[in-house]
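In case you want the letters, here they are:
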Amino acid sequence: MKVPPLESIFLNRAPRPEVRDLHRVLVIGGDGTGRNLAARLTREGFEVLLVGDTDDLQLPPGAGLLREATVREVQGFVGGFDVTFSFSSGSATERVGLVVAAQPAQNVPKYTDYGIHPAERVISLSELEAVLRSGGALIKPRGERLHVVFLCGLAGESDPGLFARVFDAIDNLCKTAVAQPYVFTRHVKVAASGLERRYREVREGGTLFFKFDAAGPVFAPTPDGLTIIFTDPLLGLEMELVPDLLVVDEYHQPPSSLKPLLDAIPSAAVTAPFLQPESTRFSGVRTPKVGILALGAARDNFGPDSAESDIAAAVVAASTLNLDENPPGLPGPPVIDPAKCTICLTCVRLCPHGAISFQKRADVDAVSCMRCGICAVECPMQAITLAPVAGEPDIMSKIAAGLAQARGAGKITAFLCTRSAARAMESAGARIRESFSPIVVPCAGTVDPLHILTAFREGASGVLVAGCHTGNCASIYGTVLAAGRAEQTRLMLEDAGVDPGRFMFTTLASNTPGDFIRAVLKLERNIQGIAPSES
Amino acid sequence: MKTDAVIIGGGVAGLWCAGELARLGFQSLIVEKRPYAGGHVGRYCCKATDQCQRCGACLLEDVLAEVEKSDRINCLLRANVLTAARTDGLFSLTLSQLPTRIHPDTCNRCGKCLDVCPVPGALERSPSDNTIFLNEESCLFYKDGTCQACAETCRENAVTLEGSAGELQVNARVVVLASGFKAFDPLEKPRFGYGRVPGVITGLELDTMLRTDNFDVGQGETEIRSVGFIQCVGSRDPKIGRNYCSRVCCGYALRLARLLRHRFPGMEPSMFYMDIQTFDRDFERRLAEASREVRLIRAIPAEIRVGSDNRPELIYQGPNEQRVFESFDVVVLSVGISPDPSLASLGEVFGVGANQDSFLGREHDDVCTGSSGVFVAGTAQGPKSIEETVSHAIRTAGEAASYLKRIDRGEES
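Respectively, the protein sequence lines represent chains G and Y.
So the first sequence is residues 844 to 1378, counted in my numbering.
So the second sequence is residues 15 to 427, counted in my numbering.
Heads up, none of these hints are tricks.
Below are the EDC-like pairs computed for lysine to aspartate or glutamate, each with C-alpha atoms no more than 16 Å apart in a straight line:
1. Y:Lys126 to Y:Glu166
2. Y:Lys16 to Y:Glu181
3. G:Lys1054 to Y:Asp289
4. G:Lys983 to G:Asp1087
5. Y:Lys47 to Y:Asp354
6. Y:Lys47 to Y:Glu181
7. Y:Lys419 to G:Glu887
8. Y:Lys253 to G:Glu1044
9. G:Lys953 to Y:Glu298
10. Y:Lys253 to Y:Glu202
11. Y:Lys47 to Y:Glu151
12. G:Lys1018 to G:Glu1044
What the hints contain is simulated information worked out from the structure, not anything from laboratory work.
Source: prediction; values computed, not measured.
With these hints in hand, go ahead and build the complete structure from the sequences.
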């Protein structure tokens, strides 16, 4: 996993909104999902602005529609996004409270992957669906039956959504023609409600399934189509099949119209082409930036029942936004000292949540800020500080106080991420607690080498930094930054004459107290192995 | 007691639903039959190798932390629903709650009671945090009053065996059925040798052993090296009434296999499958990675028997239709998600029918049940992964909240 590269700065130039209005929601995407979401949001009392091409002009009352408009830029923060659109006749900016990406996927047929070309008898699944929907004429069979071959995930993996579409197409096909369908695949994807049952019904209805392991079929062109040459996986016999119609499956790709939203979230440089990270930390349709939601194609969710599920999650997310600028138990929002800030834009580039905008100076939006503290430790001028949690001392005092109270073995200072290590510590039991003095931090990515050196200066025999596994960090790349900094720290310690074996960086999960205990014990052993003349 | 929503089941679905309802402004009461919340997920291990594998197990810790903090959520443990009636849109439920047998504040978790208990399973430790619980169904004291070994042994006086269940009345406007699933019992497929052939375990058992650090690979000649995962045990099997894919087994088996390789570098895992279901983004690449660490065999063994060396021996059809006999040190049956036996009575109490696969409610992951004011969340409705369960619970909370707002506006009865 990388962090956003230096070239990737999109400048959010809008200041924090003085008044936040969550009532107005921009839904990008005019197809079924977008329209249904617009209708549901309207029912729940939101005012919806729908952008996208739609054939259905029956919009819910109160929903505005912008047709043939393209979103160019998304500036600002939740409750006050300034979205710029371009039309054929010019451009315009609208203010909305929430932005929802609900565009359909780009369905890209896999012709090149199969080494074939579209032709009269070689079409994509979407095209077949369109013909069946409109009741148009299908190609004529060469013999008594219409032999239709469906390629499903032979090249490039498929998913239950694709198989549901293929089963539907087969059912519709058999209503309009005397057909013999075939499905050529590698794995039949049935991990969705009712799909296994449908698979068996389609098979019992006469569709032939060929499941390939190694070598797949070869397509040889003929004057009016092509021949499929393959080895039957079950019987091991060489076969040739001349389909009347070859239906090619498609990749679901995220639409290119996601770009302005990807730009608005710095960490999207790492999660692109999707708006939502794959991490389980992001439930439902939430993205790292508060107020921007991602459905379907924007988050790679393509099951046959996923649209309904995502629409419901979007309505809930829109209704449960937390605008609290001072959530209890968290440090204060970062404060940027204008005297030290050199406008290097490092904080703007690295904030995983897109909580920092830039006018004349970098400015933090307290509602969008998740208090991960990455900006504070990454700022090259050390211009950024986070106020400690209300009622608690600052981190330097905590380090000193913890060590002053510790006796003997307890002189390990452990910086523990609140989402993983701190919870693992709580389940680890009382006995291990005597070995270390814990400092709970919002993210491992906020532990500064200065804190680590301070701990050693205050008498720590060792320092542990523990955060979430790579891929499970709520700040996306907090762990990656922390791991990089751990390397720097070891070099600094060597220069300072401290054996780097006294320092350990590790990742673990909140449900693995065993890993936590093992890390502490291992560090203790390392420390004991170091000559006592070391200081 | 009055609340907005009663949620039957304190597993990840019930907990997450309560959390969302709280964010939406509503109160809930979770009714959990066990002495602890967390359901099945509390027994699953983290599958991370050098990176998170997105199994979702730690989502439970996230939601538990949130639920504990919330003042809109109450949780009753050791509680069950006896009856429910609905008048004028209001549910009145009678709950039964067993008293606390082992007091968590007094118990020092020394485990001496576990050592003296004559019945396996009557006392157990929670895999999450080592607290000790008593299961009355297995305990001799509740059968014939003959044994009080735990109470007599405990030096902290943390055990109270006397006292019977109390009853409580609760009024609620909405009910959420989130009672979870039962893992498929591999005894229903005797040819796989579970309980008969040593070394045959279920995926759930492996998960729990890894979670509690109880998976011992041994050393030298008896070291566990070859592990065979058998997929679709209790899934995609109409002959035994399981005409559905359990959705999670390909994912959990491959993640477990990779975790074993990561932790015990000498391990050689194999996986016997029919089809491999997609469970990750960019699955093509991920499956290719997995296939470099796990031997994938497209065949389901016909039988597992005790081999001549006392290890489990599998018999399956090889690529040229020949019969292959292969022994493993351990065989893991990837058991699927089956409907919990309590669903039938729960359905009766709340007027909710079973769907085609005998889970509760409707098809297509619907959260509405057709019974007014009654919703379903999680695997009670059908097989789902942990992430899918969380999405489902969010959806359920949304529907329940909309329904409650309609009641407030006088649009529902």
